[in-house]
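Since chain A is already given, all that's left is putting chain B on it; use the hints.
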Amino acid sequence: QSALTQPASVSGSPGQSISISCTGTSSDVGRYNYVSWYQKHPGEAPKLIIYDVTNRPSGVSNRFSGSKSGNTASLTISGLQPEDEADYYCSSFTGTTTLQYVFGTGTEVTVL
Amino acid sequence: EVQLLESGGGLEQPGGSLRVSCAASGFTFSSSAMHWVRQAPGKGLEWVSGVTYDGYDTYYADSVKGRFTISRDNSKNSLYLQMNSLRPEDTATYYCARRQPYSRTFDIWGQGTMVIVSS
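Residue numbers (our numbering), protein chains in the order written: chain A, 1 to 112; chain B, 1 to 119.
Some hints could be false.
Calculated lysine to any residue pairs in the SDA-like style (CA-CA distance at most 25 Å, straight line) [as the list claims (entries may be wrong)]:
hint	chain 1	residue 1	chain 2	residue 2
1	A	47	B	14
2	A	40	B	80
3	A	68	A	79
4	A	47	A	61
5	B	65	A	99
6	B	65	B	9
7	B	43	A	11
8	A	40	A	54
9	A	40	B	33
10	A	40	A	62
11	B	43	A	62
12	B	65	B	25
13	A	68	B	55
14	B	65	B	7
15	A	47	B	107
16	A	40	A	86
17	A	47	A	109
18	B	43	B	1
19	A	40	B	21
20	A	40	B	25
21	A	47	B	1
Worth flagging that the hints you see were computed from the coordinates, not collected in a lab.
Just so we're clear, the structure is a prediction, and the values are computed from it rather than from any experiment.
The following block holds chain A by itself, in its conformation from the complex:
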C-alpha cells in the first residue's frame, strides 16, 4: 500500500485561500471517514488540525477545514497567514494490521 498522494508544494498570498488534495484508494480514504490532517513546522512535533475528515480539535483555527469526495480528501486554509507556512500531511486509517495508518507524501505551504 503506497503513501497517499499530495502536491509537493502549494503557495498563496496572505488572506488568500488554498486547498491541498490527498488522493488515496478505495481501501483507505474512500473506505473510511478517518482522514486526518497534520501541520508540521520544522523541528516540531506534528499538530492535529483536522480529524474524521471534517472535525477540528479544540483550539484549532476555523480557517482550517476538511472535506472528502470518493478517494480524495482536501484541506482548505482560508485567510492564509504567515504562521500557516509549514508542511501538511494527510493520513487515513486503513484497517489492516500491517499498515494501520497511511500518511500522505506531504505538502509544503509557502506564504508569499
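Chain B in isolation, oriented as in the chain A frame:
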C-alpha cells in the same frame, strides 16, 4: 499539562539494537492506544507500530515487522519501541503519539527522538 516525552535515541551501527521510550503525563495513559510514527530526514511521516491500551494487541508496518517490538508499562505511564537488526533506512526521528479515543487519529504527539543507523 498533557505531554509525551521520547528518549533513548542515538547513533547505532547497522545490525545493532536500540530501545526508545516515551513517557506520558497529563492524561489517562492506561486507557489510551499508543503508536510510533517516524520521519526520515527530508522525507514524510511513516506509521511504524501501534499497541492497544492494555498491550494485548500490537501492530507493525511491514518494513519493521520481525525486527521491532512495541510494548508498554501502564504502571509507569511509558511506551517503548525495541529496535533490533537496525538498518540505515531506519534512520529517522521517532515520534510517539496517542490515538484519540473514539477516533482513528493521533491527537497528542511527542517532540521525537532521533535514531541514526550508520557505521
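Comparing the hints with the structure gives:
1. 47(A) with 14(B): Status violated; Cα separation ~32 Å.
2. 40(A) with 80(B): With a Cα-Cα distance of about 23 Å, the restraint between residue 40(A) and residue 80(B) holds, given a limit of 25 Å.
3. 68(A) with 79(A): Satisfied, since the Cα-Cα distance of roughly 21 Å is no more than 25 Å.
4. 47(A) with 61(A): 12 Å, holds
5. 65(B) with 99(A): Given that 25 Å is the threshold and the Cα spacing comes to 11 Å, the pair holds.
6. 65(B) with 9(B): 20 Å, holds
7. 43(B) with 11(A): 20 Å, holds
8. 40(A) with 54(A): With a Cα-Cα distance of about 19 Å, the restraint between residue 40(A) and residue 54(A) holds, given a limit of 25 Å.
9. 40(A) with 33(B): Given pair residue 40(A), residue 33(B) holds - Cα atoms ~22 Å apart, limit 25 Å.
10. 40(A) with 62(A): 18 Å, holds
11. 43(B) with 62(A): Violated: residue 43(B) and residue 62(A) sit about 28 Å apart, past 25 Å.
12. 65(B) with 25(B): 28 Å, violated
13. 68(A) with 55(B): 33 Å, violated
14. 65(B) with 7(B): 22 Å, holds
15. 47(A) with 107(B): Within the cut-off at roughly 8 Å; holds.
16. 40(A) with 86(A): 6 Å, holds
17. 47(A) with 109(A): 15 Å, holds
18. 43(B) with 1(B): Answer violated: residue 43(B) to residue 1(B) is near 30 Å, above 25 Å.
19. 40(A) with 21(B): 22 Å, holds
20. 40(A) with 25(B): 22 Å, holds
21. 47(A) with 1(B): Holds: residue 47(A) and residue 1(B) sit about 16 Å apart, inside 25 Å.
When the structure is compared with the earlier hints, violations turn up for hints 1, 11, 12, 13 and 18 and for no others.
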